[in-house]
Amino acid sequence: MVLVESESTLSRGDDAPAFELPAADGETYALSDFTDYGALLVVFTCNHCPYAEAKVEELNHLSEAYDDLAVVGINPNDAEEYPDDSFERMRERVDAGEIRYTAYLRDESQDVARAYGAVCTPDPFLFERDGDTFRLAFHSRIDDATNPDAEAERYEMREAVEALLAGDEIPVEETPSQGCSIKWVED
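Just so you know, the numbering used here puts the end of the sequence shown at 187, numbered straight through with nothing missing.
You can trust all of the hints, since none of them are fake.
Derived CB-CB ranges, DEER-like:
id: 1; residue 1: Asn-60; residue 2: Ala-163; range: 17 to 25 Å
id: 2; residue 1: Pro-171; residue 2: Glu-88; range: 39 to 47 Å
id: 3; residue 1: Gln-110; residue 2: Thr-35; range: 21 to 29 Å
The set of hints was computed from the structure by calculation and includes no laboratory data. It should be emphasised that the depicted structure is a prediction, and the values quoted were computed from it without experimental measurement. Don't be surprised by glycine CBs; every beta carbon is placed ideally from N, CA and C.
Using the sequences and the accompanying hints, generate a full structural model.
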């Protein structure tokens, strides 16, 4: 496990890169499937990383607490090398009710992770809907707990979501997310 900090190539105001990926609920979702929501939180995540695991309950909370927010987890990790990150294991966790995001998607080709410039798990991107597109509003960590065993004192993504949905300026400074590196497939 390597601790890395996110440094995406996307900047505030950039359009969300399009995607169409299979989901753990048996459906296929595209970016355009979420345009009924005022905001979209795309989080590159996985099943095996302790940093990502430590944020599951907060992501479930965000998904359930805000009707106008879609929480989309995307797992890009190499499942051959990390079997806990397999599509089958994703399905098991969704079926068991452990993961209750709006959608939990599999990016087997890793093209979507590359398009977003994601580097770690978790790596969250908060977008605001602008017509039929989403524009990046906030690329930052989920909370201030810097290791998997720490308790969060400030839920920064909650504050950002609440401000965004209220039409206010986001009152939180962006801080890179920390976590395990994305497990890229070897060429």
